[in-house]
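K.L.:
Using the hints, position chain B against chain S.
Quick mapping for you: the protein sequence lines, in order, are chains S and B.
For the first sequence, counting from 1, position 146 maps to 147 in this note's numbering; every step adds exactly one.
For the second sequence, counting from 1, position 210 maps to 211 in this note's numbering; every step adds exactly one.
A hint or two may mislead.
Claimed, not checked - Think about it this way: if two alpha-carbon atoms lie no more than 16 Å apart in a straight line, the pair counts; the simulated EDC-like pairs of lysine to aspartate or glutamate are:
{"#": "1", "chain 1": "B", "residue 1": "LYS185", "chain 2": "B", "residue 2": "GLU286"}
{"#": "2", "chain 1": "S", "residue 1": "LYS265", "chain 2": "S", "residue 2": "GLU227"}
{"#": "3", "chain 1": "B", "residue 1": "LYS185", "chain 2": "B", "residue 2": "GLU275"}
{"#": "4", "chain 1": "S", "residue 1": "LYS265", "chain 2": "S", "residue 2": "GLU220"}
{"#": "5", "chain 1": "S", "residue 1": "LYS185", "chain 2": "B", "residue 2": "ASP60"}
{"#": "6", "chain 1": "B", "residue 1": "LYS185", "chain 2": "S", "residue 2": "ASP60"}
These aren't lab readings, by the way, just hints derived from the structure by calculation.
2 protein chains.
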Amino acid sequence: MSLTIDRALRDDTMATLERVSAERGAPEAATRIADLRAWIAGDLAEVESELAGIERGDDPMRGAAMHLLRQGGKRLRPMCVALAARVGTGFDRRARDLAVAAELIHDATLLHDDVVDLGDLRRGAPAARVIYGNTASIFAGDWLLVEGITRIRRTGFDDLLDRSLVVLRQMLAGEALQLAMRAKVPQGTEAYFQVVEGKTASLFRWALFAGARAGGLREADCALLEGYGAKLGVAFQVMDDVLDLVGDHAEMGKEAFSDLREGKLTHPLMVAVERDPRLRDLLIEALAEGDATDPSLHRAVSAALRSTGAADESRALAQRLVREAVATLHALPSGRARDALADVAVSMVDRRK
Amino acid sequence: MSLTIDRALRDDTMATLERVSAERGAPEAATRIADLRAWIAGDLAEVESELAGIERGDDPMRGAAMHLLRQGGKRLRPMCVALAARVGTGFDRRARDLAVAAELIHDATLLHDDVVDLGDLRRGAPAARVIYGNTASIFAGDWLLVEGITRIRRTGFDDLLDRSLVVLRQMLAGEALQLAMRAKVPQGTEAYFQVVEGKTASLFRWALFAGARAGGLREADCALLEGYGAKLGVAFQVMDDVLDLVGDHAEMGKEAFSDLREGKLTHPLMVAVERDPRLRDLLIEALAEGDATDPSLHRAVSAALRSTGAADESRALAQRLVREAVATLHALPSGRARDALADVAVSMVDRRK
Numbered sequence: 002m003s004l005t006i007d008r009a010l011r012d013d014t015m016a017t018l019e020r021v022s023a024e025r026g027a028p029e030a031a032t033r034i035a036d037l038r039a040w041i042a043g044d045l046a047e048v049e050s051e052l053a054g055i056e057r058g059d060d061p062m063r064g065a066a067m068h069l070l071r072q073g074g075k076r077l078r079p080m081c082v083a084l085a086a087r088v089g090t091g092f093d094r095r096a097r098d099l100a101v102a103a104e105l106i107h108d109a110t111l112l113h114d115d116v117v118d119l120g121d122l123r124r125g126a127p128a129a130r131v132i133y134g135n136t137a138s139i140f141a142g143d144w145l146l147v148e149g150i151t152r153i154r155r156t157g158f159d160d161l162l163d164r165s166l167v168v169l170r171q172m173l174a175g176e177a178l179q180l181a182m183r184a185k186v187p188q189g190t191e192a193y194f195q196v197v198e199g200k201t202a203s204l205f206r207w208a209l210f211a212g213a214r215a216g217g218l219r220e221a222d223c224a225l226l227e228g229y230g231a232k233l234g235v236a237f238q239v240m241d242d243v244l245d246l247v248g249d250h251a252e253m254g255k256e257a258f259s260d261l262r263e264g265k266l267t268h269p270l271m272v273a274v275e276r277d278p279r280l281r282d283l284l285i286e287a288l289a290e291g292d293a294t295d296p297s298l299h300r301a302v303s304a305a306l307r308s309t310g311a312a313d314e315s316r317a318l319a320q321r322l323v324r325e326a327v328a329t330l331h332a333l334p335s336g337r338a339r340d341a342l343a344d345v346a347v348s349m350v351d352r353r354k
Numbered sequence: 002m003s004l005t006i007d008r009a010l011r012d013d014t015m016a017t018l019e020r021v022s023a024e025r026g027a028p029e030a031a032t033r034i035a036d037l038r039a040w041i042a043g044d045l046a047e048v049e050s051e052l053a054g055i056e057r058g059d060d061p062m063r064g065a066a067m068h069l070l071r072q073g074g075k076r077l078r079p080m081c082v083a084l085a086a087r088v089g090t091g092f093d094r095r096a097r098d099l100a101v102a103a104e105l106i107h108d109a110t111l112l113h114d115d116v117v118d119l120g121d122l123r124r125g126a127p128a129a130r131v132i133y134g135n136t137a138s139i140f141a142g143d144w145l146l147v148e149g150i151t152r153i154r155r156t157g158f159d160d161l162l163d164r165s166l167v168v169l170r171q172m173l174a175g176e177a178l179q180l181a182m183r184a185k186v187p188q189g190t191e192a193y194f195q196v197v198e199g200k201t202a203s204l205f206r207w208a209l210f211a212g213a214r215a216g217g218l219r220e221a222d223c224a225l226l227e228g229y230g231a232k233l234g235v236a237f238q239v240m241d242d243v244l245d246l247v248g249d250h251a252e253m254g255k256e257a258f259s260d261l262r263e264g265k266l267t268h269p270l271m272v273a274v275e276r277d278p279r280l281r282d283l284l285i286e287a288l289a290e291g292d293a294t295d296p297s298l299h300r301a302v303s304a305a306l307r308s309t310g311a312a313d314e315s316r317a318l319a320q321r322l323v324r325e326a327v328a329t330l331h332a333l334p335s336g337r338a339r340d341a342l343a344d345v346a347v348s349m350v351d352r353r354k
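Here chain S stands alone, though its shape is the one from the complex:
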C-alpha cells in the first residue's frame, strides 16, 4: 500500500475505505463501498451540518469547541450509529441526534485529553488548547458533553440515556485507571484491556447499540451489534497503539510516540516488554526519570518492536477481533448496511491513521 495519500482525501472516511478495499485486492468490496459512499454520504452530511450549527458565539469556549469540530476527523462513531440504524428502519431524526451525540461525547474527551496530555497537535492542526488555552478547552469539553447528553435525552430513548451515563462512567473509569498506571510497566495485559474497554470500546459499543435501537431492531440484534461494537472498539484502539509507534504521523496529524511520551503503555509495548526484559528495564528507568521523550529511547523501542515482532502481534490481535466481530454480523438481517459494517471493521485494521 502506498504511503502517500492524496491529502484531499485525508478526512474522507468513505474514500479511505474505498481505497483500502481496492488496494487490498478486493474490487467487489471497493464497488460495494462506492455504492455505500453515495448511500451514507447524506447521513454524514446531516451529522456535519448539526455539528457545525450547534451554537454560534464568539467566546473562547465556543471557539475551542468549534475549532475541534471543524477539523473533521474520521467520524467513526456517527458512522457506526448510522450503519446500525440502517440495518433496521434507517437513519431518521432520532438516529441523527444519537450519531451527533456520539461524536460530541468523543470530542469532549479529546478536548480534555489534550489539556491533560499537553497535546499540541490534533487532527493535523494545532490542538484547541494551543489556540484558545486550557481553560477554554476544559469548559468546551464540559459543554460538548452536556450538548451530547441533551441530544440523547431529546430522542426520548430513556434506556439509551441511562446507558450513555453508564458509558460515561466507564470512560472516566478507564481514564482514571490509565492515569493510575501512568509511567508504570505492569506485568500482563489485564489493566491495559480494562483501560481500553472503558475509554474506547464503551462508546463504540454504545454507538452501535444506539443506532440499532433507533433503527427498531429487536433486542437480540441490538445486543449483537453492541458486541460487535465492543470488539471493534478494542481493535480500533490496538491499531491506534500500533500506529502511534509505526504509523505515518504526518498523515495521522499527530506526533509519533505520543502515547509513550505521555507515559501510556500501548499494546505493542506490552508485548515487547514481555518478550524483551531489557526493554522493560529501559522503560522502567526512563519512565521513573520522567524522560520518555528521549529520541534514543524511541530508537531502542523501535528496534525492540522489530526484533520481538510485537507490532505484528498487536496487528494480529486486532485482525482476530475484527474477524470475530464480522462473524457475529451473520445473524443480522442481510443487506447493504450489514455488509458495510463488515467493511468498516476490516478497514480498522488496514488503516494507516
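P.N.:
Positioned in the frame of chain S, the structure of chain B alone reads:
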C-alpha cells in the same frame, strides 16, 4: 461580630446561621434556627452519607473527587433543595437524590475552576489539583458531573433533568463569558450580571425548583421558589465578591483578592471603577500587563473600595435582593420550612465566609 470562630463549627452551616442570628440581635430567629437545625440535620446527614459513599476506588480521579467532597463546604445547594421540599411533602428519597445532585454539580465546577484558575486553596485545605494533579481534577469534575446527572435521571422527574441540562449550559455560558471578559474592565454591570446569573444563580434556581417539585408543590409555588433561588444566587455571588476583597480569608479558607488575581471583575470593583476613574486606569494597566497579583495594586484597590464606599454599595445590593427574595416567600404555605428559607436568605448577607 468576633472574627475568631470555633474551627469545629466552620463547616456547620446551621451552627453558623444560629450564631449569625444571635449576633445580629434576633434571638427569636436564633431560637427558630436552633429548632430548624435539629429538624434538618437528618436531611443534611443523609446527603453527606450519600456523598461519602458515591464510589470507592483508589485511583487519582476518585482521590481528587473524594478529597473535595470530604472538605465539607457550606452545602447551601442541598439545603435549598431540602427546605424547598419541606415546604411541601418533605425530604424523601427523590429529594435527597436531587440535593446530592446539586452538590455534585457544584463540586464538579469547583474541580474544573481550580484547574482553570490554578487555585491552591479550597475550603481551607489544599485544592484537589495540588494533591492529585490537574489531570485527576479534570476527570474528577467530569465524573461528578455524570454522577450528578445520573441521580437526577433516576428520580424520574423528566422536567428536572431537562432543566438541569439547560442550567449546565447556562453555567458554562457564564464561565465562557467570564473567560471572554477576563482581564478586561467593562463599562457598566451588564456583563457582570450575565456571568453571575449563569455561573452561580442558575444552579440555586434549579435547586429550589427541584426541591419544590419533589415536595409536590403546585406549579405557581415551584415558580415562586425558582424566583427566590435566582435572587438568592445573585445575592450570594455579590457577597462572595465582597468577601473576596474584605473578608476574613483565614476563615474562608481561600486567598484574598483571588478574583482579582485571576483577572475576574467583581461587583465592588465594578462600582469602584465607576466612581473612581483613576482606579479604572490602574486596573486596565495592571490587567494588560497580566500583573494583578502585586500587593501595591491590592492596597490601592482596598483604598478605593473604602473611599468610594463600593463594598457597602455591593452589600446593600445583596441586602436588597435578599429582602425581595424573602418578600416573595409570603405567598407560600406558611410553616417552618418557609421561615427557614427566609433565615437562609438573611444569612447570605450576614456571612463572613
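K.L.:
Compare the structure with each hint and give your call.
P.N.:
Hint by hint, here is what the structure shows:
no., hint, result
1, B:LYS185 / B:GLU286, "holds, 10 Å"
2, S:LYS265 / S:GLU227, "violated, 27 Å"
3, B:LYS185 / B:GLU275, "holds, 14 Å"
4, S:LYS265 / S:GLU220, "violated, 37 Å"
5, S:LYS185 / B:ASP60, "holds, 14 Å"
6, B:LYS185 / S:ASP60, "holds, 14 Å"
The structure does not agree with the numbered hints 2 and 4 stated previously, though it agrees with the rest.
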